[in-house]
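Protein chains: 4
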Amino acid sequence: MDKGRLEAFSDGVIAIIITIMVLELKVPHGDDLTVLQPLIPVLISYVLSFVYVGIYWNNHHHLLHAVKKVNGPVLWANLHLLFWLSLFPFVTGWMGENHFSMLPIAVYGCVLLMAAIAYYILVLVLIRLHGWDSRLARAVGCDVKGKLSALAYALAIPLTFFNHWLALSIYVGVALTWLVPDRRIEKVLVE
Amino acid sequence: MDKGRLEAFSDGVIAIIITIMVLELKVPHGDDLTVLQPLIPVLISYVLSFVYVGIYWNNHHHLLHAVKKVNGPVLWANLHLLFWLSLFPFVTGWMGENHFSMLPIAVYGCVLLMAAIAYYILVLVLIRLHGWDSRLARAVGCDVKGKLSALAYALAIPLTFFNHWLALSIYVGVALTWLVPDRRIEKVLVE
Amino acid sequence: MDKGRLEAFSDGVIAIIITIMVLELKVPHGDDLTVLQPLIPVLISYVLSFVYVGIYWNNHHHLLHAVKKVNGPVLWANLHLLFWLSLFPFVTGWMGENHFSMLPIAVYGCVLLMAAIAYYILVLVLIRLHGWDSRLARAVGCDVKGKLSALAYALAIPLTFFNHWLALSIYVGVALTWLVPDRRIEKVLVE
Amino acid sequence: MDKGRLEAFSDGVIAIIITIMVLELKVPHGDDLTVLQPLIPVLISYVLSFVYVGIYWNNHHHLLHAVKKVNGPVLWANLHLLFWLSLFPFVTGWMGENHFSMLPIAVYGCVLLMAAIAYYILVLVLIRLHGWDSRLARAVGCDVKGKLSALAYALAIPLTFFNHWLALSIYVGVALTWLVPDRRIEKVLVE
Numbered sequence: 001m002d003k004g005r006l007e008a009f010s011d012g013v014i015a016i017i018i019t020i021m022v023l024e025l026k027v028p029h030g031d032d033l034t035v036l037q038p039l040i041p042v043l044i045s046y047v048l049s050f051v052y053v054g055i056y057w058n059n060h061h062h063l064l065h066a067v068k069k070v071n072g073p074v075l076w077a078n079l080h081l082l083f084w085l086s087l088f089p090f091v092t093g094w095m096g097e098n099h100f101s102m103l104p105i106a107v108y109g110c111v112l113l114m115a116a117i118a119y120y121i122l123v124l125v126l127i128r129l130h131g132w133d134s135r136l137a138r139a140v141g142c143d144v145k146g147k148l149s150a151l152a153y154a155l156a157i158p159l160t161f162f163n164h165w166l167a168l169s170i171y172v173g174v175a176l177t178w179l180v181p182d183r184r185i186e187k188v189l190v191e
Numbered sequence: 001m002d003k004g005r006l007e008a009f010s011d012g013v014i015a016i017i018i019t020i021m022v023l024e025l026k027v028p029h030g031d032d033l034t035v036l037q038p039l040i041p042v043l044i045s046y047v048l049s050f051v052y053v054g055i056y057w058n059n060h061h062h063l064l065h066a067v068k069k070v071n072g073p074v075l076w077a078n079l080h081l082l083f084w085l086s087l088f089p090f091v092t093g094w095m096g097e098n099h100f101s102m103l104p105i106a107v108y109g110c111v112l113l114m115a116a117i118a119y120y121i122l123v124l125v126l127i128r129l130h131g132w133d134s135r136l137a138r139a140v141g142c143d144v145k146g147k148l149s150a151l152a153y154a155l156a157i158p159l160t161f162f163n164h165w166l167a168l169s170i171y172v173g174v175a176l177t178w179l180v181p182d183r184r185i186e187k188v189l190v191e
Numbered sequence: 001m002d003k004g005r006l007e008a009f010s011d012g013v014i015a016i017i018i019t020i021m022v023l024e025l026k027v028p029h030g031d032d033l034t035v036l037q038p039l040i041p042v043l044i045s046y047v048l049s050f051v052y053v054g055i056y057w058n059n060h061h062h063l064l065h066a067v068k069k070v071n072g073p074v075l076w077a078n079l080h081l082l083f084w085l086s087l088f089p090f091v092t093g094w095m096g097e098n099h100f101s102m103l104p105i106a107v108y109g110c111v112l113l114m115a116a117i118a119y120y121i122l123v124l125v126l127i128r129l130h131g132w133d134s135r136l137a138r139a140v141g142c143d144v145k146g147k148l149s150a151l152a153y154a155l156a157i158p159l160t161f162f163n164h165w166l167a168l169s170i171y172v173g174v175a176l177t178w179l180v181p182d183r184r185i186e187k188v189l190v191e
Numbered sequence: 001m002d003k004g005r006l007e008a009f010s011d012g013v014i015a016i017i018i019t020i021m022v023l024e025l026k027v028p029h030g031d032d033l034t035v036l037q038p039l040i041p042v043l044i045s046y047v048l049s050f051v052y053v054g055i056y057w058n059n060h061h062h063l064l065h066a067v068k069k070v071n072g073p074v075l076w077a078n079l080h081l082l083f084w085l086s087l088f089p090f091v092t093g094w095m096g097e098n099h100f101s102m103l104p105i106a107v108y109g110c111v112l113l114m115a116a117i118a119y120y121i122l123v124l125v126l127i128r129l130h131g132w133d134s135r136l137a138r139a140v141g142c143d144v145k146g147k148l149s150a151l152a153y154a155l156a157i158p159l160t161f162f163n164h165w166l167a168l169s170i171y172v173g174v175a176l177t178w179l180v181p182d183r184r185i186e187k188v189l190v191e
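Chains A, B, C and D, in that order, are what the protein sequence lines are. Here the first sequence is numbered in the UniProt record's numbering, starting from 1 and rising by one per residue. Here the second sequence is numbered in the UniProt record's numbering, starting from 1 and rising by one per residue. Here the third sequence is numbered in the UniProt record's numbering, starting from 1 and rising by one per residue. Here the fourth sequence is numbered in the UniProt record's numbering, starting from 1 and rising by one per residue.
Looking at chain A on its own, in the form it has when it is part of the complex:
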């Protein structure tokens, strides 16, 4: 089974997720600056999620690049990842509309954590299919960065109830570390 349609379908779903998030930025009534003001947190929330979905697309792109074949479990592990990504528009809108209050930030963190776990499962299913001595396995390595990110989200979620701005800063900080693309896979592929 070839990976072409898996890539095409994932690209389609991720493209739609990243684009329909902007629909939460509702066109306001009125045409002065005061109507734009309540939209600022929604816009910031949108930017954060745009970056996160962009990170997943980039990493997915790199990961699939090293993939030779797919099977049934890979298709489902991929759909599982897409499911958690599909909840981004909801949690983004909820966090933005409530001006980054406590519970929405915690729920946003849960979706981040579940997406990270789903990505990790996808990597494991792919490595099991290709073998632990495959180029893919070497390219991904033990994925310290991915595990640390998941750990950061897991810590940020309970932290929200003490200081939700700190939790939000963790999400922003993790995103910044990922803006640098995954050079490990690129490196092994060039070798």
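No lab work stands behind these hints, which were simulated from the structure alone. All values reported here derive from a predicted model rather than from experimental measurement. Just to be clear, a hint being listed does not mean it is correct.
Since copy identity is lost for identical chains, a pair holds within one copy or between any two.
Said to hold, decoys possible - In silico lysine-lysine, DSSO-like type, Cα no more than 27 Å apart, as pairs:
#1 K145 to K68
#2 K147 to K69
#3 K68 to K147
Use these hints to put chains B, C and D onto chain A, whose structure you have.
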């Protein structure tokens, strides 16, 4: 006529269907747990439909993989299947918002049944084009699983008016049996 | 310049148009048959537009199949066609919500007419690029069916104000004649 | 890393942006001409944005055609461009609903300016990857037209507060100059 654009178009439509369903999960006003509670049935309904649309994408992916050529009737049989799949967001939202009450569950079952019939028609049109002794025909076989699923939906629809939770359980049960990808086609293709 | 991305972009836009039309089928409040009744004209309107957009996708698929190259004017002629197709969700929703009253039917006809003209312009621009003695030109021929359809829409629009059911019947009738795929192009391609 | 998925993802996002803009054209209640009248500015705003997004797709298509390879920074420069394009539906709807009043026109100009800058950054990142003596660099040249367009937007934004119709005319005028596709790249590619 090659099958590439048929796959690309189907991937596009299915990707959009699976993603816009999440728009039924409306961002609530307020930021405490009480506003999330009424969303739980909508979320469960979304998960069920996400799995069903995922099943159709997986099976469509497997089916098209064995296809060599397409013609006019195949294009229309495929659009017919996409039409019934496109009603998923509506019935999903309706079933979720009404907390799985009777009529929405019955209507959901009708869409499931019509999609199963449309898939079966697509298979028949494809087999007629490739011949009953083609690799495609052998790969699909007599599709007992597909026919039993359609039968289960057909039984669940009237059952709704006696015990709608039982009907819903049938939908969930059938989905679980399909989470296992269609090994018959994979097997024949590997031969 | 190759035609691959033109096909991919058109597939994407048409897939989205055909799918977001279903968003006009708003999830009703309540769970009995009475809430479904006002949705029936919206559903019928959706089916008609689904078939029309499907026809455009099929014919576009056939047309592009015979195309060897594209240039700037082709890209714009194609976008012009996509623009008129993009108005389908609006006119479909308006016609359905107003239970097929006069003005919406006339406006629907205007969009049908403009899409037919835009398709014809695309064909002309493609033939000018490939030459009047190309396989594409022979495959398309003088497109009597396309011209007669445009004529039918042009007649149906003023007719709406005398008998709008007759106008609607013309739209349905033309759609039925197109459900048969464009065998002319298929025939020449097989030669 | 190959450019195929970058093109596919960009096509997907741009196709969705250009199509969901039409959702701002809300289906009105009532079926006479008076309900269509307030939609005219929304429609005009939609046409302008459809042309602008179409221009970006065309130029992106031409640009990527000359590209041989992509890397991490290219993926992010591309996502940055898509981010600004994704704000088109919002500013289009806001400008249309407020009948082209002052502030929405200025904000529309800001999004135009940022998209132009993002496109320029993408070009620079691509040239840095391919080398200043590559066919890509020669094809793009010093991009006088792109720089003049950005300058025009930058001038139009403050101008809005003196005469917003003049600012709007500048947007329309720049769009018209771009409807002609980028012959420079086509020319060099043919050489």
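Query - Hint numbers contradicted by this structure - result: Of the numbered hints given earlier, the structure breaks none, since each of them holds.
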